[in-house]
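Protein chains: 2
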Amino acid sequence: MKFNLIKTDGNARACLLETNRGLIHTPVFMAVGTVGTVKAMSPDELKEIGAEIILCNTYHLYLRPGHEIISSLGGIHKFMNWDRPILTDSGGFQVFSLSALRKIEEDGVHFKSHLDGSMHFIGPKEAMEIQSLLGSDIAMVLDDCTPYPSTYEYAMNSLYRTIKWAAQCKALQGKEQALFGIVQGSLYEDLREKSIEELVDIGFDGFAAGGLSVGEPKKEMHRMIHFTASLLPTDKPRYLMGIGELGDVLNAVEAGFDMFDCVMPTRNARNGTLFTSRGKISIKREEFKSDRGPLDPDCECYTCRNYSRGYLRHIFLSKEILSMRLNTIHNLYFYFNFFRNMRKSIIEGIFTEFKTKWEAIL
Amino acid sequence: MKFNLIKTDGNARACLLETNRGLIHTPVFMAVGTVGTVKAMSPDELKEIGAEIILCNTYHLYLRPGHEIISSLGGIHKFMNWDRPILTDSGGFQVFSLSALRKIEEDGVHFKSHLDGSMHFIGPKEAMEIQSLLGSDIAMVLDDCTPYPSTYEYAMNSLYRTIKWAAQCKALQGKEQALFGIVQGSLYEDLREKSIEELVDIGFDGFAAGGLSVGEPKKEMHRMIHFTASLLPTDKPRYLMGIGELGDVLNAVEAGFDMFDCVMPTRNARNGTLFTSRGKISIKREEFKSDRGPLDPDCECYTCRNYSRGYLRHIFLSKEILSMRLNTIHNLYFYFNFFRNMRKSIIEGIFTEFKTKWEAIL
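As given, the protein sequences belong to chains Z and F, one line each in that order.
Letter 170 of the first sequence, counting from 1, is numbered 448 in my numbering, and no numbers are missing.
Letter 212 of the second sequence, counting from 1, is numbered 490 in my numbering, and no numbers are missing.
What the hints contain is simulated information worked out from the structure, not anything from laboratory work.
Take the hints with a grain of salt, since some may be wrong.
If several chains are the same, the list does not tell them apart, and a pair holds so long as it fits within one copy or across any two.
Stated by the list, open to error - No farther apart than 27 Å at their CA atoms in a straight line, the calculated lysine-lysine pairs in the DSS-like style are these:
{"hint": "1", "residue 1": "K597", "residue 2": "K317"}
{"hint": "2", "residue 1": "K325", "residue 2": "K622"}
{"hint": "3", "residue 1": "K622", "residue 2": "K403"}
{"hint": "4", "residue 1": "K356", "residue 2": "K567"}
{"hint": "5", "residue 1": "K356", "residue 2": "K562"}
Please read all numbers here as calculations on a predicted model, not as lab measurements.
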């Protein structure tokens with residue numbers, strides 16, 4: 279994977295990543311395709327609205343259908359009919375957030391499947407082996423996601439585990455796959471700094487910030503986002519994991535982050551909450567009953583070009599599958615368009631105006 | 279609507295219906311778009327697989343969002359973004375099958391909404407007014423769907439009600455909308471004959487057979503299908519309502535029916551039951567876990583061109599929306615393809631071979 283820094287505006291960056299499966303223009307939003315499909319969307323629709331890379335969850339794919347099966351079916355790209363880049367997480371975060379029972383040990387984590395209660399173990403070796411068989415373009419190291427709040431001592435021990443695992447993952451990296459390290463350290467600046475030093479020493483194709491948006495106050499989160507970004511190498515992509523609320527994205531891009539993922543646009547779509555150029559709306563509102571206008575008059579997505587709010591309200595209340603499809607197309611289009619315009623503003627040197635304008639709307 | 283009889287093979291017919299919104303080649307299968315969307319499909323996808331006409335349910339649209347709202351949103355075509363022909367039923371059948379409580383009177387039927395328990399009344403005048411405001415291309419008369427079994431006396435009274443309502447509907451027909459009469463008469467040949475005589479006297483743009491597939495033995499159903507078809511005018515389209523199992527379709531086409539609708543291909547798709555050139559399969563079967571092959575090696579639909587059975591099994595078990603989409607595309611493509619090939623066999627004079635071949639598979 280080749281990294282090109284195209285333009286900076288303050289600390290905000292517009293970059294270009296070149297991969298064997300296509301270009302990635304950053305800042306980039308990665309739609310989440312948890313089990314091998316971005317919910318409600320087809321790969322063609324994702325391409326049509328401009329998705330350049332998607333994220334899949336190793337934890338889910340490992341449990342079902344299993345990485346060996348995906349490998350035997352030709353790897354994750356062929357499996358899900360998506361020929362552009364795919365980033366897989368390491369599974370660590372989902373083990374912490376989804377499994378009923380987990381036990382962290384020095385060499386990895388034991389956990390109970392949320393699907394059938396069966397017991398499993400993932401260590402650095404397993405995380406790399408699974409991601410290698412999946413065949414993603416970008417793999418993530420296994421990390422120990424430090425919860426909030428954590429004592430300094432707990433955060434430090436957790437961080438050293440993450441660093442040790444990162445080195446073990448690095449040693450197992452195949453040449454076909456990029457590998458990103460993950461910065462931990464909770465809200466302790468010296469630990470975050472230590473984390474980055476060690477990861478840079480090991481050497482990765484990109485660096486991610488983890489352990490944020492795990493319950494800490496927004497102000498603290500933004501402080502750590504800026505602090506972390508300021509220490510990361512400038513010549514590698516920077517990925518802020520799991521954060522995708524647009525207000526947070528604006529802050530993180532300002533700080534110098536490049537890559538983002540979040541289930542919010544797709545999950546909100548299925549719940550009838552839609553992003554527009556005038557703020558969020560709930561499509562089920564009574565006032566839309568006879569509304570002939572599009573969801574967002576400023577939007578050019580398939581949904582806004584072809585359907586009225588009245589129809590979208592009707593199929594949402596009728597729980598129709600097409601409702602989830604049309605809402606998801608709109609929300610993802612809105613996100614991709616937001617990111618494209620954000621990138622443009624960086625290239626034109628007017629990112630601050632872009633940020634100010636959107637902070638008033640969001 | 280202009281009717282052209284293109285070719286007959288025995289009693290089987292290949293016809294061409296010309297409407298203001300496009301051509302309909304018969305025998306034709308109408309996918310069901312109950313509340314204004316064919317479940318899981320977009321209009322573009324329906325066109326791509328060759329849908330020429332769809333059916334919407336008046337009962338559902340009347341209750342939600344309401345015909346006045348659809349009218350104010352530009353009519354059913356604009357509402358649902360479908361510019362090809364639409365047939366609406368009269369609502370009668372759903373009143374009988376879905377509403378919690380119904381009371382048939384001489385001038386119409388009182389019923390309780392299955393959505394909120396509210397009370398409603400639909401008579402011939404209301405059925406025509408609702409369908410006129412929806413703006414469908416083909417409207418159906420309100421009929422009293424005679425249940426099975428019925429005594430001769432009950433069936434006769436029910437039939438006379440249907441004939442009276444049909445005449446009242448006919449008197450209210452607008453010039454923009456075709457109107458089909460509905461033959462009733464239960465399993466009594468003289469009543470079916472009487473029904474057809476009266477409807478032909480009134481004069482309709484097409485004739486439908488109702489009151490079949492309501493619990494009677496298959497053999498009886500096929501007997502009535504053949505008997506009814508033999509008496510219907512040859513210069514108008516003939517529609518066999520609600521029947522779409524392919525074995526029954528073959529029999530009905532042999533008898534001379536032209537139009538069909540059924541929720542089976544779409545409903546089965548969502549339940550993971552898929553039609554193939556070698557018979558039905560259930561996609562959830564364990565044996566498909568690592569199966570790299572397409573659903574149906576002889577199928578050229580989007581699903582079969584792009585996805586393996588292994589993937590389709592995985593997303594079905596994961597209850598993903600894309601599963602319902604891909605399965606529905608396949609099943610509808612299979613149906614449309616079946617109907618296209620059946621038409622071709624009639625034009626080539628080899629319908630009997632077509633029927634024999636498929637009866638061995640189905």
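#### Entry: In rising order, the numbers of the hints this structure does not comply with
Structure breaks hint 3 only.
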